[in-house]
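A.B. asks: Assemble the dimeric complex from its two separately framed chains, guided by the hints.
Listed below, chain by chain, are the residues.
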Amino acid sequence: MDASTIDELYRRYGPVVLRRARAILGDEEAAQDVLQEVFVRVVEQRGSFRGEASPMTWIYRITTNLCLNRLRDGRRRAAILEERAKEMDPEVGAVGAGTGGTTPSTAEARLTLEAILQRVPEELWAIAVYYHVDHMTHAEIAQIMGVSRRTIGYRLEEFRRLALAAAAPLEVVR
Amino acid sequence: MRNEACLSDLFLDRWRVGELSELEMARGEAHVRQCLVCARRKRELDRQALEFDVQLRLPRRAPRRAWRTALGLLAAAAAASFAVVLVPAALPSPTDAPGVRTKGGPSFSVIARRADGTIHPVLPGDVLAPGDAIRFEVRTEEPRIVAVLGIDAAGVVTPYVDEVAIEAEGPQLLPGAIRLDETLGPERIVALFCDEPLGRTRLLAIGAEALRQARGDPSRELRLDAPGCAQSSILIRKEATP
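Protein chains in written order, with the numbering used here: chain B, 1 to 174; chain C, 1 to 242.
Here chain C stands alone, though its shape is the one from the complex (with noise of 0.2 Å):
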């Protein structure tokens, strides 16, 4: 329950988009790191921030991209449909908790749409199913090159995402959308962010490389040998549906 002491939503509207003073955001940061409270509402303020803003920027129509075709692509209208709640994982360590975005760095979210319509953000840990559709959000304090690997229990690497150049403009949802194949088990899905491309072919020997030295087990930790590039994964598991 919030009390005299606590933070009003405009105090941390204002917070959110940079209308406070150093004192101001000093005595808010004081604030929230005691009441969890008002820590929680700052969170809510601010996903509802980012899903209005994502929405405002998902595409009509799904653009066709030649790397989705293993695994398929959602019906421009279900890609249109998708309203999404972010939470960012943080770089660049992979072991970092997830829901924390480190100042200044890169972060990357995984969004899911169920086969019953339902949207949700994807925490680590999380079970979808094959038939499910993923898509990412990252967001980059300069522009970078951006590529998603999905690394599952069959030892495949799969590129989500081919190398994308990514500016510096807050979080931006990647073109289209993947759908889970029927491989069950664990999948980790790491986004890399580059200053240079490294190449499809190069991205698929460091994913297997790694998997490797992980024994094939993608649920381990699991860290590609990306020189120059921040990275960020997360692991879920697919299980088939009841």
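One chain only, chain B, in its complex shape (with noise of 0.2 Å):
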């Protein structure tokens, strides 16, 4: 791979995988940190790349590793989840509670990646991801994860489960 390649490359993928860091971790000199390593992964494992029929799905794939890699070392964790749970749009939850679909309400949305975090095994991280941040739908979620959509649909629902249960203890009883 010469470096005309890799600049090609950068100027390509480099603005896909700065925006879902910066939405992921919330944080700009963590997100040009994932953006440097993620080409370094590209060159790295260049056959790989090259081999997939969307390169833009296996960016994706290490971008939010990567990411959620960086979540995973929990020195930043508090902070981070704080101002992610705030910037979530309020608006994403409206549909699923009322009307059964699968996206969380307002109260949800707040505490779903500390729930994520705090109570659901680490696959269903990326899933979260992949749905609320990039609002992907279940067969997406399901090609980048090499799962069938039934499991995505599963895990969604686990997810959601886990995030109610997890915003339970906040509601205040009058």
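Bear in mind the hints are in silico, worked out from the structure with no lab data behind them.
Each hint should be verified, as a subset may be incorrect.
Claimed, not checked - Estimated spans, in silico, between C-beta atoms of each pair: (1) B:E44 x C:Q48: 24 to 30 Å; (2) C:T241 x B:R72: 46 to 52 Å; (3) B:S4 x C:G185: 43 to 49 Å; (4) C:A26 x B:I6: 52 to 58 Å; (5) C:D126 x B:E44: 43 to 49 Å.
Unchecked claim - Going by beta-carbon spacing under 10 Å, a handful of chain B positions derived as facing chain C: (6) R11; (7) G14; (8) P15; (9) V16; (10) R20; (11) F49; (12) G51; (13) A53; (14) S54; (15) M56; (16) D134; (17) H135; (18) I144; (19) V147.
Unchecked claim - Here are some chain B residues pointing at chain C (derived, C-beta under 10 Å): (20) Y13; (21) L18; (22) R72; (23) Y130; (24) V133.
Positions of the beta carbon are idealized from the N, C-alpha and C atoms, including for glycine.
C.D. replies: Structure representation (structure tokens):
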């Protein structure tokens, strides 16, 4: 992979990596670090990258994994979650709660990421990001994670259940 | 608000880089025609990608060019800090709505850096102030000779960018920056995309004739008589800052 190819890939996929890393991490410096890390992976794993039917999907997967690894280390966890919860679009959840859909309500959304880190297995972290940050369909998440759509449906439902459970103790009863 | 039928960011990103099949693209186009949320999101992602690309190509130093002497130079540091957002203007018709790119045609965008350091795309009718700096971004589908003229309310035609050869390599930021002078009122900035160079003298003459036909008012519809050239223009208004 020569310099011009790397440059072209960086221009093409760099903005996607940076946007998603910012959205997931909520931290510019960390997002810039992830941007660099992703392209180190691109160079290191160029065979795998080029073999993908959709290199963009590969980029999404690597970016998500690197971001979640950073979240996993826990050092910035509390601050990041608080900021992300505030930034989540309050309208995102308006469909799901009342209509039987799988998108969480506003109250759920505020606790979504915290619930993920505290209560759900790691594979749900990525699903939650793909669903709530990237607004992917079940089919797209299934493809990017290499599992069936049915599995995604189950896991999103599990996520929803856990998020609701996480929200419950914070409700004020008068 | 997005719903289940809406296009995901992944879909829009794959669309931008050309990974979609024809069938998928047709589905996407049909959806954004009737979904304002996805149309807006697509524009936003496209804009972010352009911004990222332009930032990569920002010069670290503004090259010294003779044509800028009348309007001054931005410091190299200012040029390097020019983070931009692009809104292309459609060609070839000068009356086409801005912000729409004609498939296959060249596009022209103006980016302003205000005295307070804020940077923003210039839209038709935007008010700028003397001392604000502007830069130009073009995109062509084939190699062209590009020139940019400023035609102001005092009847002065200024070559902002002398003719430069542009390759068909996607959006390209033209070298250098222009600091707007003290002339207030409307000013039309015109980009010409030509197959052959016209020469500075002829360019100035063409600009002056177009202004004469517009009765000296650059805010009127104004088209340069430059055969073989596509052109695009944007009208701004210069007002003194309070």
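A.B. asks: All hints, please: hold or fail.
C.D. replies: Status of each hint after checking the structure:
1. Checked against the hint of 24 to 30 Å, the C-beta distance between E44 of chain B and Q48 of chain C comes to roughly 26 Å, which is consistent with it.
2. Checked against the hint of 46 to 52 Å, the pair T241 of chain C and R72 of chain B passes, with Cβ atoms roughly 50 Å apart.
3. With their beta carbons about 46 Å apart, S4 of chain B and G185 of chain C fall inside the hinted range of 43 to 49 Å.
4. Taking the beta carbon of each, A26 of chain C and I6 of chain B are about 33 Å apart, not inside 52 to 58 Å as hinted.
5. Restraint check, D126 of chain C to E44 of chain B: a C-beta distance of roughly 46 Å satisfies the suggested window 43 to 49 Å.
6. Given the 10 Å rule on beta carbons, the hint for R11 of chain B holds: about 5 Å separates it from the nearest Cβ of chain C.
7. Here the hint on G14 of chain B is kept, as its CB sits about 6 Å from the closest CB of chain C, short of 10 Å.
8. The closest approach between the C-beta of P15 of chain B and any C-beta of chain C is roughly 4 Å, which is under the 10 Å cut-off, so the hint is satisfied.
9. At a threshold of 10 Å, the smallest CB-CB gap from V16 of chain B to chain C is about 5 Å, leaving the interface hint in force.
10. For the restraint placing R20 of chain B at the interface with chain C, the shortest Cβ-Cβ distance is roughly 8 Å, inside the 10 Å limit, so the hint holds.
11. About 13 Å separates the beta-carbon of F49 of chain B from the nearest beta-carbon of chain C, more than 10 Å, and the hint is not met.
12. For G51 of chain B, the interface hint is violated, since its Cβ never comes within 10 Å of a Cβ in chain C; the closest pair sits about 14 Å apart.
13. The interface hint given for A53 of chain B is met, as the beta carbon of that residue sits about 8 Å from the closest beta carbon of chain C, less than 10 Å.
14. Hint status for S54 of chain B: holds, given a least beta-carbon distance of 5 Å to chain C, under 10 Å.
15. Nearest Cβ of chain C to the Cβ of M56 of chain B: about 5 Å, under the 10 Å cut. The hint holds.
16. Annotation: D134 of chain B was flagged as interfacial toward chain C, and the flag holds, the nearest CB pair being 5 Å apart, inside 10 Å.
17. About 5 Å separates the beta-carbon of H135 of chain B from the nearest beta-carbon of chain C, less than 10 Å, and the hint is met.
18. Checking I144 of chain B against chain C by beta carbon gives a least distance of about 7 Å; that is within 10 Å, so the hint holds.
19. Hint status for V147 of chain B relative to chain C: violated, with the closest Cβ pair at about 16 Å, above 10 Å.
20. A cut of 10 Å between beta carbons decides the hint on Y13 of chain B: the least distance to chain C is about 7 Å, and the hint holds.
21. Residue-level restraint check for L18 of chain B holds (minimum Cβ-Cβ distance to chain C is 7 Å; threshold 10 Å).
22. A least Cβ separation of about 23 Å between R72 of chain B and chain C goes past the 10 Å threshold, and the interface hint is therefore violated.
23. For Y130 of chain B, the suggested interface contact is upheld, since its CB lies about 8 Å from the closest CB of chain C, less than 10 Å.
24. At its closest, the beta carbon of V133 of chain B sits 8 Å from a beta carbon of chain C; the interface hint therefore holds under the 10 Å criterion.
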